[in-house]
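J.: This is what each chain is made of:
Protein chains: 2
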Amino acid sequence: MATVEELKLRVRELENELIKCKQRQCSAEDAHNRPKIDKMSAEVVDSNPYSRLMALKRMGIVDDYEKIRTFSVAVVGVGGVGSVTAEMLTRCGIGKLLLFDYDKVELANMNRLFFQPHQAGLSKVEAAEHTLRNINPDVAFETHNYNITTLDNFTHFMDRISHGGLEEGLPVDLVLSCVDNFEARMAINTACNELGQIWMESGVSENAVSGHIQLIIPGETACFACAPPLVVAANIDEKTLKREGVCAASLPTTMGVVAGLLVQNVLKYLLKFGTVSYYLGYNAMQDFFPTMTMKANPQCNDRYCRRQQEEYKKKEAERPKVEAVQEEEEEAIVHEDNEWGIELVSEVTDAELQAASGVVPDLPEGITVAYTIPVEETAKGETVEETEVSLEDLMAQMRKL
Amino acid sequence: MATVEELKLRVRELENELIKCKQRQCSAEDAHNRPKIDKMSAEVVDSNPYSRLMALKRMGIVDDYEKIRTFSVAVVGVGGVGSVTAEMLTRCGIGKLLLFDYDKVELANMNRLFFQPHQAGLSKVEAAEHTLRNINPDVAFETHNYNITTLDNFTHFMDRISHGGLEEGLPVDLVLSCVDNFEARMAINTACNELGQIWMESGVSENAVSGHIQLIIPGETACFACAPPLVVAANIDEKTLKREGVCAASLPTTMGVVAGLLVQNVLKYLLKFGTVSYYLGYNAMQDFFPTMTMKANPQCNDRYCRRQQEEYKKKEAERPKVEAVQEEEEEAIVHEDNEWGIELVSEVTDAELQAASGVVPDLPEGITVAYTIPVEETAKGETVEETEVSLEDLMAQMRKL
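Protein sequences, first through last, are from chains A and B. Be aware that the first sequence starts at 1, since it is given in full-length UniProt numbering, and climbs by one per residue. Be aware that the second sequence starts at 1, since it is given in full-length UniProt numbering, and climbs by one per residue.
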């Protein structure tokens, strides 16, 4: 019977052997690896991988493109959207990427970009890191091959979000949710609310023809628990979606567009150019792209969200008035109501909407709720609003779902 | 604190990973090629690369997804947009792809998706074919490593468009323009007008933050010579764009979005679902997406365009009236005028507009002309409208530009 110490030693040995084995691989890719580049150059030569990015400065788009190297971004979920998101950030020369996923590459993933058939069987984070490091050795990578929703992993996830910055010990600059299920989104939401961590959510519908991205600033905008998550209505019959034993459809087009819109929003947010979108939907059937914002819900179930709202109110009250006016002007663009005149079929029934625990927001035409937040077991029949739920309780409840 | 069971599990995982790593050889990719698949299956198993695509039928989106295998698409330009376009079509299981490009892969291309550093120095079509064949061996590939605008190559290009269908001798189903210059776009336009070949044009602005796609049906919609090509105004100062000795900026995000919108439009067109967009713009700075249609110009300089217009008029006159009404209803959605309320700076001066040889179309807010068609040398000072220019003359003039 091996002791814990013996097993730990064995794990370390194996990890070292594995690293050596990976380094030994005589793949064509590795042999042609370019050396690291210390400073991004704007020089226009074929051998400079950054010339087209540094040109953004000259074009008047970005003040200081090289600042991209100072940021650390966590990508949770390295599937159809997450892998392309990670590749775009890698090619843009982001400082550090933290990748979280517990899935393996399968041939069934080959209808989306990024992974290739020879990677089938490898863990997604491992396969992604190998490809991405080849593409851009200047990026620092940290991968975690686990499910963030289990208790231990969630604790570790929280720790990496708060300490996995470019300088170890500092928090990451942004968390990107590229997961495909409610539980994982809720875990990211819980973590970011507690940490006050700004994040962006992304999603693609099960029928593959609509998607969205959303910027969530704890205390300021609606969090994932404030209101039912939103999607762009895809104009198809709900009944075709929820049958048993049926896999979701997916398209490389929709996922590529959503990843592109997500990373574009990340670049605008980090490098301060253009207008950052709070919510941007994509309906592929009619090519329309609704935008909106949603304020945080004072009755949100998440106590950390409510605490962040208090913090935000305090900060807002302390701000000089002139800034507030500017903000309102900026928001005027974002809030804008589009007159699409397209008739849409809601993906959620009225009964489901009424059963939702969050408030149902006033939605612009073309946006509907993706699904409703299930009423929690412990809260059935009583008013949820005043229930103080601890993080542990929340996590326990989430695992039950 | 890890338990003995957890550590044992980790040891087993690492041992398996190590075995796999050792098994991997130099030509890992090639060795793991999957065999061809005769018939697309909807079976939901990890080893089926088509399950998520065939699910589109069950979801009520596409009537017969497998029809994708009967189509042949030519992609002209395998750069930032074209390579991702080709990859998406490959992963979607298109029947045949014809790739045209004369460029080599450079490290300077690494800020866009698809190509990897170890491919630097290879021709783009060769490198692309190798990667794409690995991803999906069911697709037939035909590559042409040449510049389509020289006379001999143009003749060959015309021949492949008219005979490079899935069944040799039949025309391709669609031509996609993913090139980055006026001359190549004009060559594609000339070829498609003469052949009556439906095509889609795509483009990304030099400042990397706007792009567009456009469906061109010879005789029906405006061709590339009917009117100045359109772009989405990017809200930046024109003066920053046209300085000498400066490379264009580019972003993997914008190019990924444009490729995604393009291939989505291709899928909708070929598989007959949703509303096919005639013109769809993307302005990344404000996240807005204007749409429009443009009718063919009866005074177009291209005589084949004018001939196609006559053909179209005849066909329209012969159509039963009830269909015409349906068409108008459908168009109502596409034509729709969006109220964006965003102030835009034109990228072209009024003087440049007046010097344009094409008519200046009535544009919705947010769309402007990319650049104007230079007034032809031979036509200066006289009325261009009645000049009958032969293909050879046109090509000769184009090479002079």
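A couple of the hints might just be wrong.
When chains are identical, the list treats them as one kind, so a pair holds in a single copy or across two.
Here are the simulated EDC-like pairs of lysine to aspartate or glutamate, each with C-alpha atoms no more than 20 Å apart in a straight line [to be verified]: (1) Lys313 with Asp103; (2) Lys315 with Asp63; (3) Lys20 with Asp103; (4) Lys20 with Glu129; (5) Lys39 with Asp64; (6) Lys272 with Glu6; (7) Lys295 with Glu142; (8) Lys295 with Glu310; (9) Lys36 with Glu106; (10) Lys314 with Glu168; (11) Lys104 with Glu15; (12) Lys20 with Glu126; (13) Lys315 with Glu66; (14) Lys104 with Asp46; (15) Lys39 with Asp63; (16) Lys104 with Glu13; (17) Lys314 with Glu5; (18) Lys20 with Glu106; (19) Lys313 with Glu126; (20) Lys8 with Glu318; (21) Lys67 with Glu168; (22) Lys20 with Glu310; (23) Lys8 with Asp152; (24) Lys314 with Glu15; (25) Lys39 with Glu17; (26) Lys67 with Glu15.
If you are wondering where the hints come from, they were derived from the structure by calculation, not from laboratory data. Note that the structure is a prediction, hence the values are computed from the model and not measured.
J.: What are the numbers of the hints the structure violates, in ascending order?
T.: Those not satisfied are hints 1, 2, 6, 7, 10, 13, 17, 19, 20, 22, 24, 25, 26.
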